[in-house]
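Asks: Go by the hints and put chains B, C and D onto chain A.
The residues making up each chain are set out below.
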Amino acid sequence: MKVRYFAWMKRTVGVADEEVSPPAEVRTVGDLVNWLRDRSAGHAEALAESAAFGAAVDKRTATFDVSIAGASEVAFFPPFTGG
Amino acid sequence: MKVRYFAWMKRTVGVADEEVSPPAEVRTVGDLVNWLRDRSAGHAEALAESAAFGAAVDKRTATFDVSIAGASEVAFFPPFTGG
Amino acid sequence: MAVRVQAEDFDVGAELNALTTGTRRIGGLAVFVGLVREMHVREGYHKDRVDALTLEHYPGMTEKALEDIEAEANKRWPLEATLIVHRYGRLEPGERIVLVAVGSPHREAAFEACEFLVDWLKTKAPFWKLEQTPKGDKWVGAHDADDKAAARWEK
Amino acid sequence: MAVRVQAEDFDVGAELNALTTGTRRIGGLAVFVGLVREMHVREGYHKDRVDALTLEHYPGMTEKALEDIEAEANKRWPLEATLIVHRYGRLEPGERIVLVAVGSPHREAAFEACEFLVDWLKTKAPFWKLEQTPKGDKWVGAHDADDKAAARWEK
Chain A
4 MKVRYFAWMK RTVGVADEEV SPPAEVRTVG DLVNWLRDRS AGHAEALAES AAFGAAVDKR
64 TATFDVSIAG ASEVAFFPPF TGG
Chain B
4 MKVRYFAWMK RTVGVADEEV SPPAEVRTVG DLVNWLRDRS AGHAEALAES AAFGAAVDKR
64 TATFDVSIAG ASEVAFFPPF TGG
Chain C
1097 MAVRVQAEDF DVGAELNALT TGTRRIGGLA VFVGLVREMH VREGYHKDRV DALTLEHYPG
1157 MTEKALEDIE AEANKRWPLE ATLIVHRYGR LEPGERIVLV AVGSPHREAA FEACEFLVDW
1217 LKTKAPFWKL EQTPKGDKWV GAHDADDKAA ARWEK
Chain D
1097 MAVRVQAEDF DVGAELNALT TGTRRIGGLA VFVGLVREMH VREGYHKDRV DALTLEHYPG
1157 MTEKALEDIE AEANKRWPLE ATLIVHRYGR LEPGERIVLV AVGSPHREAA FEACEFLVDW
1217 LKTKAPFWKL EQTPKGDKWV GAHDADDKAA ARWEK
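Here the protein sequences line up with chains A, B, C and D, keeping their order. With this note's numbering applied, the first sequence closes on residue 86, and no number is skipped along the way. With this note's numbering applied, the second sequence closes on residue 86, and no number is skipped along the way. With this note's numbering applied, the third sequence closes on residue 1251, and no number is skipped along the way. With this note's numbering applied, the fourth sequence closes on residue 1251, and no number is skipped along the way.
Bound conformation, chain A alone (with noise of 0.2 Å):
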């Protein structure tokens, strides 16, 4: 499964997107963030406040509670600020 950073959270993370193979018991997008936290510092500080940022599983917002099984690709960002 890939994971994706955007914005400061690429900056904190230290990589734009990474290849992980979380174990079976992480089954929604809040596990796997739980989960990644113990990656790195990079990655504890940049996941430490659930209410700073949102994510995506397969290019669709999901909020922490959907379920990851059999997506391709997940992704962690900040509020947006386009227009």
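A few of these clues could be false.
[Claimed, not checked] Once the Cα atoms are required to be at most 20 Å apart in a straight line, the calculated PhoX-like pairs of lysine-lysine come out as:
{"id": "1", "chain 1": "D", "residue 1": "K1244", "chain 2": "D", "residue 2": "K1220"}
{"id": "2", "chain 1": "A", "residue 1": "K62", "chain 2": "D", "residue 2": "K1234"}
{"id": "3", "chain 1": "B", "residue 1": "K5", "chain 2": "B", "residue 2": "K62"}
{"id": "4", "chain 1": "C", "residue 1": "K1171", "chain 2": "B", "residue 2": "K13"}
{"id": "5", "chain 1": "C", "residue 1": "K1234", "chain 2": "B", "residue 2": "K5"}
{"id": "6", "chain 1": "A", "residue 1": "K5", "chain 2": "D", "residue 2": "K1160"}
{"id": "7", "chain 1": "C", "residue 1": "K1220", "chain 2": "B", "residue 2": "K62"}
{"id": "8", "chain 1": "D", "residue 1": "K1160", "chain 2": "D", "residue 2": "K1171"}
{"id": "9", "chain 1": "C", "residue 1": "K1220", "chain 2": "C", "residue 2": "K1244"}
{"id": "10", "chain 1": "D", "residue 1": "K1220", "chain 2": "A", "residue 2": "K62"}
{"id": "11", "chain 1": "A", "residue 1": "K13", "chain 2": "A", "residue 2": "K62"}
{"id": "12", "chain 1": "A", "residue 1": "K5", "chain 2": "A", "residue 2": "K62"}
{"id": "13", "chain 1": "C", "residue 1": "K1220", "chain 2": "C", "residue 2": "K1171"}
{"id": "14", "chain 1": "D", "residue 1": "K1171", "chain 2": "D", "residue 2": "K1220"}
{"id": "15", "chain 1": "B", "residue 1": "K62", "chain 2": "C", "residue 2": "K1160"}
{"id": "16", "chain 1": "C", "residue 1": "K1231", "chain 2": "C", "residue 2": "K1251"}
{"id": "17", "chain 1": "B", "residue 1": "K13", "chain 2": "B", "residue 2": "K62"}
{"id": "18", "chain 1": "D", "residue 1": "K1171", "chain 2": "D", "residue 2": "K1251"}
{"id": "19", "chain 1": "C", "residue 1": "K1251", "chain 2": "C", "residue 2": "K1171"}
{"id": "20", "chain 1": "D", "residue 1": "K1160", "chain 2": "D", "residue 2": "K1220"}
{"id": "21", "chain 1": "C", "residue 1": "K1160", "chain 2": "C", "residue 2": "K1171"}
{"id": "22", "chain 1": "D", "residue 1": "K1220", "chain 2": "D", "residue 2": "K1251"}
{"id": "23", "chain 1": "A", "residue 1": "K13", "chain 2": "D", "residue 2": "K1234"}
{"id": "24", "chain 1": "C", "residue 1": "K1220", "chain 2": "C", "residue 2": "K1160"}
[To be verified] Label pairs and their calculated CB-CB ranges:
{"id": "25", "chain 1": "D", "residue 1": "A1241", "chain 2": "C", "residue 2": "A1114", "range": "48 to 58 Å"}
{"id": "26", "chain 1": "B", "residue 1": "T66", "chain 2": "D", "residue 2": "D1147", "range": "54 to 64 Å"}
{"id": "27", "chain 1": "D", "residue 1": "T1119", "chain 2": "C", "residue 2": "D1240", "range": "25 to 35 Å"}
{"id": "28", "chain 1": "D", "residue 1": "E1104", "chain 2": "C", "residue 2": "A1098", "range": "24 to 34 Å"}
{"id": "29", "chain 1": "A", "residue 1": "P25", "chain 2": "C", "residue 2": "E1204", "range": "39 to 49 Å"}
{"id": "30", "chain 1": "D", "residue 1": "N1113", "chain 2": "A", "residue 2": "D68", "range": "39 to 49 Å"}
{"id": "31", "chain 1": "B", "residue 1": "A19", "chain 2": "C", "residue 2": "E1188", "range": "19 to 29 Å"}
[What the hints assert, rightly or not] Selected chain C positions facing chain D (in silico; Cβ < 7 Å):
{"id": "32", "residue": "G1109"}
{"id": "33", "residue": "G1124"}
{"id": "34", "residue": "R1133"}
{"id": "35", "residue": "P1189"}
Because the hints were derived from the structure by calculation, they are not lab data. Glycine included, each C-beta is placed from N, C-alpha and C at the ideal position.
Replies: What follows is chains B, C and D alone, placed relative to chain A:
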């Protein structure tokens, strides 16, 4: 003083504009409407219903109580339908 | 600030470029283009078809009325640029009638002022539409909806 | 209906011409152009000057999000034509960022749908603005006002 007519009022009166010299007691736009009605059957028809048309004195919208003293041009027209 | 009344068509892109060139304080540009719409066309039954419109106006008064409306918008909202271009004469379905463009630092002000200008020019600028139909010419009546739209800005 | 995400500038006039050509059912075309605004410039004291913006986006998701928003507008209002063009990459003050255009038989629907699209794309399309200032790069934070503007269309 020049009097001008627009849209269907022009066709009903039969002229686009005319020079008139109303007597001194014709003081307001409303007085002028009354006075003009007697000029022809077309005038009487076009100016019959005061609620059906508006007026301008020297190219500014004017209500019927506005004075025409010193005015060089008074216009009558149906409601606007531009845009 | 600019107002134009003309028979010729206008180039929307060129007008907007001219309006925004040289200022860097515009964050949002709200634009309205009014077009002649093909009306009342029922398949195979063209009783109410409109072949064209002829817009009559009151030269001299029209420019004053549009300038007054434009000044009122600039008084109500913090605008960096405003433009009104209105055509007169014969126009066929699909042709442009009017262009209203408003630039402001903030998009809300741009949208509001643009709607205000469109609503007010419909009821306060001396234009009259004559429809050419297969059954002859017909003057367009004023719309209650337009009066209501204009009235919401009265204060 | 069309959505484009691109680094290059767009030609507003050409885009609008393409949108309205071939249809005679559009009576009103409401358009919004978002531009990079020169911000926080104080005379002789350029502490907060913004030299440029860099817009990052999420390729693939951006197009889907914009198409969803466009489809929602077409569900809510009777529209004849819609277009969203959004740029990404480095943009300097005065440059165009986004174009939203909506054609409808009726001007009220065109204006409402255009405002809706602008409000929603600000909060639902994956773009992030990075400001280049003399003191270094700074990510733009989300605006409460934008959230409120978007929320008024929730139902």
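Asks: Does the structure keep C:K1251 and C:K1171 at a Cα separation of 20 Å or less?
Replies: Answer holds: C:K1251 to C:K1171 is near 13 Å, not above 20 Å.
Asks: Note whether the CB distance of B:A19 and C:E1188 lies within 19 to 29 Å or breaks it.
Replies: Holds, at about 25 Å.
Asks: Quickly compare the C-alpha distance for A:K13 and A:K62 to 20 Å and report which way the hint goes.
Replies: 17 Å, holds
Asks: Cβ-Cβ distance between D:E1104 and C:A1098: within 24 to 34 Å?
Replies: 29 Å, holds
Asks: Given the hinted pair C:K1231 and C:K1251, is their Cα-Cα distance within 20 Å?
Replies: At roughly 42 Å apart (the allowed maximum being 20 Å), C:K1251 and C:K1231 break the hint.
Asks: Tell me if the interface restraint on C:R1133 is satisfied: Cβ within less than 7 Å of some Cβ in chain D.
Replies: Interface hint status for C:R1133: holds (4 Å vs cutoff 7 Å).
Asks: Given the hinted pair A:K62 and D:K1234, is their Cα-Cα distance within 20 Å?
Replies: Violated, at about 26 Å.
Asks: Does D:K1251 lie within 20 Å of D:K1220 when you go C-alpha to C-alpha?
Replies: 15 Å, holds
Asks: Holds or violated: are the alpha carbons of A:K13 and D:K1234 at most 20 Å from each other?
Replies: 14 Å, holds
Asks: Check the hint pairing C:K1220 with C:K1171 against an upper bound of 20 Å on the C-alpha distance.
Replies: 17 Å, holds
Asks: Can the hint on C:G1109 be confirmed by a CB-to-CB distance to chain D that is less than 7 Å?
Replies: 2 Å, holds
Asks: Quick one, are B:K5 and B:K62 close enough, alpha carbons at most 20 Å?
Replies: 12 Å, holds
Comparing the model with each numbered hint stated earlier shows that hints 2, 4, 5, 16 and 25 do not hold.
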